[in-house]
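S.K.: As given, the protein sequences belong to chains A and B, one line each in that order. Using numbering that gives the first Met the number 0, the letters of the first sequence map in sequence onto residues 0 to 283. Using numbering that gives the first Met the number 0, the letters of the second sequence map in sequence onto residues 0 to 468.
To be clear, the hints were calculated from the coordinates, so they are not data collected in a lab. There may be inaccurate statements among the hints.
Stated by the list, open to error - Quick list of in silico lysine-lysine cross-link-like pairs, BS3-like style, CA-CA up to 25 Å: (1) A:LYS236 - B:LYS362; (2) B:LYS64 - B:LYS5; (3) B:LYS264 - B:LYS22; (4) B:LYS140 - A:LYS268; (5) A:LYS192 - B:LYS264; (6) A:LYS25 - B:LYS204; (7) B:LYS140 - A:LYS25; (8) B:LYS345 - A:LYS236; (9) A:LYS25 - B:LYS407; (10) A:LYS25 - A:LYS6; (11) B:LYS264 - A:LYS74; (12) A:LYS26 - B:LYS362.
As the list claims (entries may be wrong) - Which bits of chain B does chain A cover? Going by a derived footprint, with three or more residues having C-beta under 8 Å, they are: (13) 208-219; (14) 255-261; (15) 320-331.
We put the beta carbon where it would ideally sit given N, CA and C, even for glycine.
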Amino acid sequence: MYKIVRKKNLNPTVTQMEIYAPLVAKKAKAGQFIILRVDEDGERIPLTIAGTASDGTVKIIFQIVGTTTEKLNLKREGEYISDFVGPLGVPTHIDGLKRVLVVGGGVGCAIAMPVAEALNRAGAKVTSVIGFRNKDLLILEDEFKACSEKVIVMTDDGSYGRHGNVTLPIKEMLESGEKFDMIITIGPLIMMKFVVATAKPFGVPVTVSMNPIMIDGTGMCGGCRLTLNRDGEKITKFACVDGPDFNGYEVDFDEAMSRGRIYTDFERKSHEKFCNLLKNGGND
Amino acid sequence: MAIDPKKHEMPTQDPKVRARNFKEVALGYSEEVAVAEANRCLNCKNQPCVSGCPVNIRIPEFIAKIKERDFEGAYKTISATSSLPAICGRVCPQESQCESKCTLGIKFEPVGIGRLERFVADRHNEFSNEKPDVAPANGHKVAVVGSGPSGLTLAGDLAKKGYDVTVYEALHTAGGVLVYGIPEFRLPKSIVKKEVETLKAIGVKRETNVVIGKTLTIDELFEMGFEAVYIGSGAGLPNFMNIPGEAYKGVFSANEFLTRSNLMKAYKDNPDTPIMRGNKVAVVGGGNVAMDAARTALRLGAEKVYIVYRRSMEELPARKEEVEHAEEEGIEFKLLINPVEILGYKNESDPRDPLNGFVTGIKCVKMELGAPDENGRRRPVPIANSEFTLDVDVVIMAIGTSPNPLIKNTTDGLEVNRRGGIIVNEAGLTSRSGVYAGGDAVTGAATVISAMGAGKIAAKAIDEYLSSK
């Protein structure tokens with residue numbers, strides 16, 4: 000069992016938890032992920048590590064999107080979850096990078112932030128562009144400011160920062176001649192796809208962080224497979240052991256988006272059922 | 000007394016009934032039937048059956064005890080060499096091992112050794128709580144990577160000899176392929192749990208949720224005071240065919256499909272973990288895993304399940320009993336055919352159609368058997384212009400696995416072969432001093448009992464290594 004040492008709501012749908020898992024905390028690097036189960040018979044879900052602390056805790060930040068994240072969010076500080084395993088995946092490559100543009104979207108910012116921090120610690124100059132649907136969903140602005148030379152906040156509805164999506168300032172910066180060794184982007188697939196498309200004419204390398212459906216996270220189930228187009232050849236990779244970071248120019252985003260929707264119907268029904276259960280429970 | 004030419008039949012659930020439930024198919028011998036079957040054993044002096052057993056169970060000896068109705072004695076005889084009898088009695092391919100060497104088998108059907116083994120183990124588990132004898136602690140610490148059949152066997156053998164053994168498991172439950180791979184209807188999870196509990200009772204420690212190669216490395220295990228490490232991490236990465244369409248929704252590796260159903264219990268009502276309950280399902284492959292996947296799909300409610308295999312019935316590598324059970328349950332064997340493409344739905348006029356990208360069929364080509372390959376198996380070759388399509392909504396690839404790269408990538412000096420299998424000598428020793436390996440991590444996908452055999456050999460080698468240290 001793994002103890003929830005601290006819990007904080009970052010916004011109405013995004014929660015931060017710090018879980019006591021000293022072996023994971025000791026090893027975790029930016030870009031890696033964990034897999035957790037809330038309770039016995041629960042689903043295994045992957046979540047990217049948002050940081051670690053010297054007290055042996057590992058920080059996770061998650062959006063409440065379905066039954067499992069809903070169940071997790073119901074857990075209180077001091078309570079326990081069944082399983083917590085990691086760190087899994089390959090850490091984000093930051094060695095040798097001097098000028099980096101970090102682009103986060105929505106809850107993806109939770110994963111982009113430790114990458115920006117690691118880059119800053121390694122002496123790289125970081126510019127961060129973080130995008131949200133609206134002001135209420137904004138998270139981690141101060142954290143990004145602490146490790147970036149410049150932070151640009153975008154909202155889809157203009158309720159905070161600049162109006163528009165993240166590609167707008169990226170295009171402006173690249174057009175004005177700003178140079179980056181690398182763009183690292185983490186967020187919804189559709190956003191990452193457009194970040195890649197925006198960077199392409201300028202030839203800037205783009206690293207994307209994939210978050211497909213997985214079960215074991217150790218290279219056993221193959222559910223997380225994705226297709227890379229490399230030199231005209233299609234290559235199958237497993238996000239859990241080969242990733243989660245990939246060269247953005249190689250990833251078949253359309254396929255990844257399609258695969259990500261395989262259980263949409265199941266998830267919607269399961270979530271409705273769970274919410275009804277909660278409602279009925281409240282009436283007792 | 001005349002010898003009954005046939006094995007006593009194993010009582011099973013009715014095929015029509017069992018095809019829709021996850022309860023165990025084979026029900027086990029009663030005491031009377033077990034004694035009668037034991038009486039078919041000729042108790043040959045040269046004991047050919049023993050040489051057919053990868054862990055050399057003293058077969059005639061335990062069968063003789065059944066004849067005398069000394070069932071606990073029979074159990075003791077088996078458990079002297081096998082740590083997991085209730086499991087082996089169910090999943091071993093006896094027809095190609097012990098029973099293939101049975102003298103009775105020359106003229107008649109061989110003695111039902113596997114069925115008797117299962118009877119003895121089940122009876123013990125039901126009536127006895129007696130623990131195996133354990134030698135006094137010798138102070139040596141051994142780490143085991145992976146709690147599958149190989150690791151558990153080794154852990155059991157070394158714990159009985161007084162070693163302080165810790166088993167590390169990446170998943171949340173111990174048992175490896177016995178819990179994530181083999182379905183409930185063939186190997187009830189309560190039986191695996193019982194065997195794991197027995198190991199706990201003799202002092203084997205267990206750490207779940209630890210991925211060796213990630214959470215801890217092999218080198219760190221030595222720093223922590225372990226004097227020997229056994230890698231029994233299993234096969235890992237599932238193979239795909241590399242044909243067009245394998246990314247469509249509805250194409251799964253057998254590992255994923257079975258893990259969802261078995262480990263994550265998606266076969267139950269209202270599971271947290273989703274699983275696609277196909278209506279028409281094609282399982283590609285002919286091994287035990289293919290049979291397990293096909294029969295699981297059927298039990299999840301499929302109307303039609305095909306086994307798609309590129310060779311003929313004779314070359315089918317699955318355990319005979321599983322093939323028979325699958326046929327009885329209505330699985331259709333499509334033999335001498337090979338998939339060339341998986342077809343998916345695409346609504347050209349509506350890219351947002353939720354059905355886009357789901358499997359609609361599998362395009363196959365007919366095969367014929369050509370000249371034998373280097374292993375003596377006749378190589379299947381495609382017949383020109385013989386393509387046809389099977390309408391299915393789920394395709395499960397059960398065509399083997401490749402060893403997991405996590406440990407190799409984080410252990411300096413650990414040599415692997417071209418396919419990624421860890422290289423070991425005849426005692427299971429790797430290229431690193433004090434590091435042993437066995438099971439699928441070495442051989443690639445094989446059987447439970449061969450993994451156990453490897454665990455046994457390495458346990459002996461580790462005992463010799465550490466007791467001479």
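S.K.: Count residues of the segment 255-261 of chain B with a Cβ under 8 Å from any Cβ of chain A, then say if the count reaches three.
M.R.: holds (count 3)
S.K.: Need the status of pair B:LYS264, A:LYS74: alpha-carbon distance at most 25 Å?
M.R.: Satisfied, since the Cα-Cα distance of roughly 23 Å is no more than 25 Å.
S.K.: Is the straight-line distance between the alpha-carbon of B:LYS345 and that of A:LYS236 25 Å or less?
M.R.: 24 Å, holds
S.K.: Would you mind confirming whether the straight-line C-alpha gap from B:LYS140 to A:LYS268 stays at or under 25 Å?
M.R.: Violated. B:LYS140 to A:LYS268 sits at ~49 Å, over the 25 Å cutoff.
S.K.: Between A:LYS25 and B:LYS407, is the straight-line Cα distance small enough, at 25 Å or below?
M.R.: Status holds; Cα separation ~21 Å.
S.K.: Given the hinted pair A:LYS26 and B:LYS362, is their alpha-carbon gap at most 25 Å?
M.R.: The hint is violated at about 46 Å.
S.K.: With a Cβ-Cβ cutoff of 8 Å, does the segment 320-331 of chain B contain at least three residues near chain A?
M.R.: violated (count 0)
S.K.: Would the pair A:LYS236 and B:LYS362 pass a check requiring their Cα atoms to be no farther apart than 25 Å?
M.R.: Judged against 25 Å, a Cα distance of about 24 Å means the pair holds.
S.K.: Is B:LYS64 within 25 Å of B:LYS5, Cα to Cα?
M.R.: 21 Å, holds
S.K.: With a C-beta cutoff of 8 Å, work out whether three or more residues of the segment 208-219 of chain B approach chain A closely enough for the coverage to hold.
M.R.: With 6 residues closer than 8 Å to chain A, the segment 208-219 of chain B meets the three-residue bar; holds.
S.K.: Is the Cα-Cα distance between A:LYS192 and B:LYS264 25 Å or less?
M.R.: Roughly 35 Å separates the two Cα atoms, so the pair is violated.
S.K.: Are the Cα positions of B:LYS264 and B:LYS22 separated by 25 Å at most?
M.R.: Distance ~13 Å between B:LYS264 and B:LYS22 Cα, so the pair holds.
In terms of the numbered hints stated before, the structure departs from hints 4, 5, 12, 15, listed from lowest to highest.
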